[in-house]
Amino acid sequence: MKTGAKILIESLQREGVETLFGYPGGVVLPIYDELFDSPLNHILVRHEQAAAHAADGYARASGKVGVCLATSGPGACNLVTGIATAYMDSIPVVALTGQVPTSLLGNDAFQESDITGITLPVTKHNYLVKRTEDLGHVVKEAFYISNTGRKGPVLIDLPKDVSTKEIEYEFPENDELVLRGYQPTYRGHARQIEKALELIALAERPLIYAGGGVISSDASRELVQFAEMLQIPVTTTLMGLGAIPCDHPLNLGMLGMHGTQYANYAVTECDLLFSVGVRFDDRVTGKIETFASRAQVIHVDIDPAEIGKNKKVDVPIVGDAKGVLADMCARIQKKAGYQNWISRINSWKQKYPMRFREDGHLRPQMIIRELSDLLAGEGIVVSEVGQNQMWTAQYFCFKKPRTWITSGGLGTMGYGFPAAMGAHFARPDQPVFDIAGDGSFQMNIQELGTVSHNRIPVKVAVLNNMFLGMVRQWQELFHNRRYSFTELPPVDFVKIANAYGVDGMRVDSPDQVREALKTAIETEGPFVLDFRIEREENVFPMVPAGAAINEMIGGCQE
Amino acid sequence: MKPHTLSVLVENKAGVLSRVTGLFSRRGFNIESLAVGTCEEPGMSRITIVCIGDDAQIEQVMKQLNKLIEVIKVSDISDMDRVERELALIKVHAEPGSGRAEVMQIATIFRAQIIDVGTKTVVLSVAGDTEKIDALETLLRQYGVKEFIRTGKIALLRGSKTVKSSK
Ligand SMILES: Cc1ncc(C[n+]2csc(CCOP(=O)(O)OP(=O)(O)O)c2C)c(N)n1
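These protein sequence lines are chains Y and W, in that order. Residue 129 in my numbering sits at position 129 of the first sequence, and the numbers go up by one each step. Residue 6 in my numbering sits at position 6 of the second sequence, and the numbers go up by one each step.
Don't take each hint at face value.
Stated by the list, open to error - Okay, the calculated bits of chain Y under chain W, using three or more residues with CB under 8 Å as the criterion:
(1) 117–124
(2) 171–182
(3) 304–310
Said to hold, decoys possible - No farther apart than 25 Å at their CA atoms in a straight line, the calculated lysine-lysine pairs in the BS3-like style are these:
(4) W:Lys2 with W:Lys63
(5) W:Lys161 with Y:Lys64
(6) W:Lys91 with Y:Lys311
(7) Y:Lys312 with W:Lys13
(8) W:Lys91 with Y:Lys140
(9) Y:Lys130 with W:Lys161
(10) W:Lys91 with Y:Lys309
(11) W:Lys63 with Y:Lys195
(12) W:Lys132 with W:Lys91
(13) W:Lys161 with Y:Lys140
(14) W:Lys67 with Y:Lys140
(15) W:Lys13 with W:Lys67
(16) W:Lys2 with W:Lys120
(17) Y:Lys312 with W:Lys132
(18) Y:Lys309 with W:Lys63
(19) Y:Lys287 with Y:Lys335
(20) Y:Lys335 with Y:Lys349
(21) Y:Lys309 with W:Lys13
(22) W:Lys91 with Y:Lys312
(23) Y:Lys165 with Y:Lys140
(24) W:Lys73 with Y:Lys309
Since the hints were made in silico from the structure, they are not lab data. This one's a predicted model, so the numbers in the text were calculated from it and none came from an experiment. Glycine residues also receive a C-beta, built at the ideal position from the N, C-alpha and C atoms.
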């Protein structure tokens, strides 16, 4: 005989789960009791939102499904922001929530919430398990759905009686999943692939626009090979950073609102846009009518609903980025030459480089460049949301996929620190840095307790401008510098860290930066760096919302 | 922008309908009419949805519906040869001596059935395509429609063609 809780834990082990992040409560007590002597590594967070973000960070860094666990009602509701964050970035997460006993369902019982209803729009799928007999199969289905096709979060709601009930249960040898309504297409259509290659051969100014889909299908090797074989330049989205090494000669860096000038000019002038694993997000396209308006568009995506959603596409290819790119590489016959186009792009690169003022003030861009130098291609960098995120995207040199972790779609402040904890468990061999804003760090600062308690060696670099910086930047540019509720009083983050038993250091001038970063790296446990940066530094270049992406402000002028 | 009739085959599981309707509201699509019930396949239901939009919007609606795990098949049958029916119940003001006879006559012409007669009202039941029901409603308005309810459209392809699961 096995209880539901036991079946749950065994199911998780069968799925290869090693670590999960959670927070207990009344209705999940049977599960916690089972966890007590299970080999699973459970990390007690200080807020359920952090459990969801940590599971998400784990998934992004490892490519495996991240798992979080919360109690019913308030616990489950606290997961929602983290689930929505994973949903928007297509990250495989399985969220387990406790629920009141089935006999009380719908009665507004103590700590009841309709969490499957609440998460309907932000999960790929969700389950309310009503019979212990179904539990093993549901877990298997949930992991499968979460980490196949277009990936995403799946929630399983577990009423208390389902986890306490004892049944005779053997895991079936061959528990086949029959999901008639779920059959993702992995192989790209051969004729469409031919057509795409024909268009590329005819093009004079082709450009690859690659996104998070390339990272999640582990297709970066194929992407680089494809780009190199045809000598086509590549620009990536925020989510696609790391898909091609930052210093690759064909790489144009990020495009879009805070993209490089040369990437945005290239998109505007290209005559063929090869889009892969992207979704034509408005932060990328700016005014959609003018985005790549001279180009024929090829779009490769595993999710057919993404194709043609925002932008009309000439050649749709539904399929997995890795397989499609590999197929394409295999069929390339002769190398095309786009010498004129490449030299035009290179002249933009020279004329409009990414740059910032270096005048002895402590500027965030320089801190990130230093960190990038010091880590030299090693390590995982996570960010919060706001200016800190954009500066990191612009100035950190990402060389490998899954080394850059950020909330792109939802833009969730407070994401970075817990996601960094998750990333550590996925890659314990790697140093993990959370680049934070003072606003964002305070959204999940309680996790200092978690990193301290578990000696999780995550380093936080707070770019402390005592502002909600990105919002202040918009107020400066578009609201006449009326800084309505965006100033934050100074916080001594070192003292807060110390109170939790975490070491820290405050940095006020550029000449201290390198040493401070080194100290953080060399310190064994967690570490908090409080960088008192120039208060009104801005992220440039910038495309104002709704403008065309070649209409940037604050870039280099001729 | 014209009305499209979608036939959606779904697994008959708890919450499927709210997944489908939730998808419409969340993505800003409008439902004109919706009818749902069990169908020939055990464990399945068929939903008939009428929604208005241009071709790109309808394509997006169908793709998003297809993404739902429990949706087996989505077909736009608007341009296919099909039969359609809606059922309506209409409670009309019809007092003896003032219009009741006329209402009954109209009912006969429209092949509607009188399914209840009260002292001041009659209730008609009518099945047919949307236009027929609209026309009947317009005619009856002059007598005073006290309550009017319709099921939403259901539709099937003519002949041996079917909307079956092959997804
Ligand atoms: C949870 C949440 N609330 C509000 C916002 C809106 N928002 C975007 S950036 C930003 C300011 C971020 O400030 P900070 O973390 O200090 O970073 P900085 O921009 O100064 O680097 C805000 C409030 C958000 N993205 N997420």
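Go through the numbered hints given earlier and state which of them the structure violates, listing their numbers in rising order. When the structure is compared with the hints, numbers 5, 6, 7, 8, 9, 10, 13, 16, 17, 19, 21 and 22 turn out to be violated.
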